[in-house]
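Asks: These protein sequence lines are chains A and B, in that order. Each step along the first sequence adds one to the number in the numbering used here, with nothing skipped, and position 198 is 198. Add 246 to a position in the second sequence, counting from 1, and you land on the number used in the numbering used here.
Among the hints, erroneous ones may be present.
[Stated by the list, open to error] Residues from chain B that face chain A, not an exhaustive set, calculated with beta carbons under 8 Å:
hint: 1; residue: LEU684
hint: 2; residue: MET724
hint: 3; residue: ARG731
hint: 4; residue: ARG988
hint: 5; residue: LEU992
hint: 6; residue: ILE1079
hint: 7; residue: LEU1080
No wet-lab data here; the hints were simulated from the structure. Where is the CB? At the ideal position from N, CA and C, for every residue including glycine.
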Amino acid sequence: MSDTMTALAARTEGASKIYGTGDTEVRALDDVTVGFNQGAFTAIMGPSGSGKSTLMHTMAGLDPLTKGNTFIGDVELSSLSEKELTLLRREKVGFIFQAFNLIPTLSALENITLPMDLAKGQADDAWVENVIQTVGLGDRKSHRPDELSGGQQQRVAVARALASKPQIIFADEPTGNLDSRTGGEILDFMRSAVRELGQTIVMVTHDAVAASYSDRVVFLADGKIVDEMLDPTADAVFDHIKSLGD
Amino acid sequence: MLKMTLRGILNNKIRFFLTSIAVVLGVTFVVSAFVVTDGLRSTFGDLSSDIYSARDLTVMPDGDKGGVFASEEYLDQIAAIDGVTNVSGQIFANQTIPVDANGDVPDVFGPPVAGINWTGNTELDRFVLLEGEAPASPTDFALDVNTFDEGAYTLGETYSVISEAGGIREFTLTGIFRFGLETDDSIGAKFVAFENETAQSFLGRDGGYDEIAIAVDDAANIDEVQAQVAGLLASTDDVLSGEETVEEFTEGFDSFLGPFRTILLTFAFVILFVSAFLINNTFTIVIGQRIRELGLLRAIGAGGGQVRRSVFTEALIVGLVSTLIGIGLGLLGARALIALLESQGADFPDGPLPLEPRTIVFALLVGVLVTLLSALLPARRAASISPMEALRENSSLDETRTGRRTLIGGLLALVGIGATALGLFGSFDGTAPRLIVLGVGAVVAFIAVAVLSPLAVSPVVRLIGAPIAALGGPAGKMAKSNATRSPQRTAGTAVALTIGLALVTTVTIIGASLKTTVSDALSSSVTADYIVFAGGALPAGVVQSVEALPEIGKVATFGGDRVTINGEEESLDTLDFATIDDLIDADLTEGAWETGGGNMVLYREKADELGLAVGDTVGVETLAGEMLDFSVSGLFDDNTFLGSFNVDTVDYERFARVADFTTLVASGADGTMPEDARAALDSVLEPFPQLTVQDQAEFLDETESQINQLLAIVNVFLGLAVLIALIGIVNTLTLSVFERTRELGLLRAVGMTRRQMRRMVRWESVIVSVFGAVLGVSLGVVFGWAISDAIPDDIVANATFPLTQLAVFILAAVVVGLLAAIMPARRAAKLNILDAISHS
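Whole structure, please, built from the sequences with the hints as guidance.
Replies: Written out as structure tokens, the structure is:
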């Protein structure tokens, strides 16, 4: 791991996650220590079963570690109660999932402000409006999810993640369900959120092209970090994956 | 396919359980109704054939028609007939009341409290001495063991006994006995026994008997003996064979049992009807959830018929299993039912509770049929699912189109309302066809409600959801939109509550209207200050002592007997024409209460019916066969307290068998304080604890509380429908939580706390149940109003709407909603976020 001068938005120390016991034991994460810089766009890559989703879930406080620690900012997650974890997610973490990101009964705008509503906090209206304009949903605010295209739905999801100005956003295959053009738009937008708004994003993907939008790619295999790449290009990432496979 | 269905059931045990409960409850009730009535019937039948087993013949002197009793002479003559081995003359005088050490008396308004003569003839009379001595001297008496146990009595002590004919007399308690040779066969009747001659005089039998029991030698020709006995008697007397005696005895019981069973089965039907909607809704939701799976089945080659059959098989299994459980529980339910009715004052004999094959067949038929019918539409929908659904991302069952729904619902509503109106206002030959038409009308109307109610979901939920969305924060807001998400599901879930509360509201409104009408009528017509009732006749001397009180002003007594007027059997009442106008305001609009005898005052409607006017003559045939003429002296309009035909007390002995007064009304003397008058009245009546003294307010209260008691029983049964509604809500919510797993997981991931999650489910439940309640209460108000209007005005004049109670129903729905949400809310809160969001 290279030392960085910038602060870390989230990190793990010796994180291990073991499912099952005895013969059926699976080490989804094996002593992983990694940090994610504030204001950076990081991609986590790896083949199926490499532990990339587990890493994201444990870092986001959705799944507890078997051993080791994870931090959001300075907050160590294993010391938090279920309720404190929920509140932390609500205030400090944003999520973008592959599919089913939106509540079908709420309008686009209501979906975007949902975390703030749940916190009964006052949304920063100017900021929310800014985010909505940026993702290009100005004329779609009052539409229900089933009245939006897949790309539009995913843009609402991104807007929701950004709206509460979280410390870190976790994205799980955010373009997995989209065609490449629409996916490219979303990734562009995520990158500009990092560059222009200083947002921190960690994205799990198996798509080399998607990974090429990031500042840094972390490669996982068998629950361990095997390599990383700064300022990746799609070809470089693709070649690297191939070399890992050899 | 069958294997798949079975596996589906095993994998969804909770769903299976919740669907079954409704059927189980319905079947339980059906079985209980049969078992209880069969049990009563057989216990009673056994009892009566047991009681009369030794009797070969019974002589029933026609006491009904003129106070004739069988004399001692008859008894001797009968005993002398060849072949007669045993004769017993029996006295059975109702309203013979013992007063215990505390001054308490047995309940005189329930089963008979009868005075009997101690014959010592156990073969024919079945009274068995348990303790002490049989009454032998004129001052002795004996009590049956139940009365002895329930009151404060000690053997050897002296107690007052009151009889209709003999007034109050002191007797010494010498013995305790039981009715029944081996077991207690009294079924609630109470007995006070005296030595034979004492009984004859004290109970007013004038040296005679009410009944003669005869045993005949097996070798003798019974028909011949019967003919000989009959030859000795007056032609109006009946000589009954043993069988006829049992029949006579059980006939009265059957006439009570039949309607009782019908009422119980009606409630059972209501429960099953409500259950049907629950089952239908559950199956519809489940098929909606399995749409991709069913589509896949179609895609790999299953035919529509196979899919339909698999749904039917599941329904069949649900129906069978729940019916079997229901039959088992029905046996327990029967005990509960008896306990419930006994807690309301009924008295049942102990006996076996038989499960007749007929009960099982009926229960199976009803339970399985209701379940299959409920699954009919969902199965059809399942069969019509296209294989394409397997491939779609978000597939869901289409809701029935609004236009079609409105059309079908509207037609059903028209038929339902039409049939109900016909039932209410049409003319029928008897009550049964009217009730059937009414019942069909109500059923169709409720189905129409179920079909149409999804249309009401959106506007009504917007209304009741508004305060919840405003107060409940984001959870409230989301609950509101969840409730409108699938109007068909919301309405389907609420419909059980709608029907239950519609019925409860209807009954409540009719009851309230009845109460208002009765109390209005009574308070305007009864101007007397006090009313004194006896279970039977007022004891001798009571009237005179009340009249003698200086604190009491006017007194009027009421009596009467059956007579025949214009070919119809009627009740002819006597009252004091001199004082009645001061005590009862019957709204005399023509003529006067003409004293001096020979005059009759009629209820105007009755007079019009018979074409009688003031000055006309009315011919009355007494039960003794005498013809009397009365001249019409007045007509009145208000028959709340008075009967149709009234003559002056001075005419009483001319037509009545026994000139006893049953009721006395009185007013306080001028210038006497009400409490003084009441105290004086109470002190004079104190020796007669069986009398009920009421002032006007107490009388009204009593009347109202009788109506309330009846309503309470009805509402307990209808409450079961509300219980099923609760189960229905639990069911739908549980399925919805399951269906929305991913959505709920997402909510948790973006920061919804468990508490907010629980709150959201709870609010949705409250919205659904309040929706059902609002609809149900509204329907109930309409039904209640229509029925009150249809009932003749002299029973229910104007519909009364007890607003507080109706508000309580809505509040109760909130509670139902909260209760129903407990388990589903907990499940929703406990969802594992990872399981919920990780892509499948």
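Asks: Are the hints correct? Go through all of them and say.
Replies: Results for each hint:
no.	hint	in the structure
1	LEU684	violated, 42 Å
2	MET724	holds, 7 Å
3	ARG731	holds, 6 Å
4	ARG988	holds, 5 Å
5	LEU992	holds, 6 Å
6	ILE1079	holds, 5 Å
7	LEU1080	holds, 5 Å
Figure legend: structure checked against the earlier numbered hints; the only hint not met is number 1.
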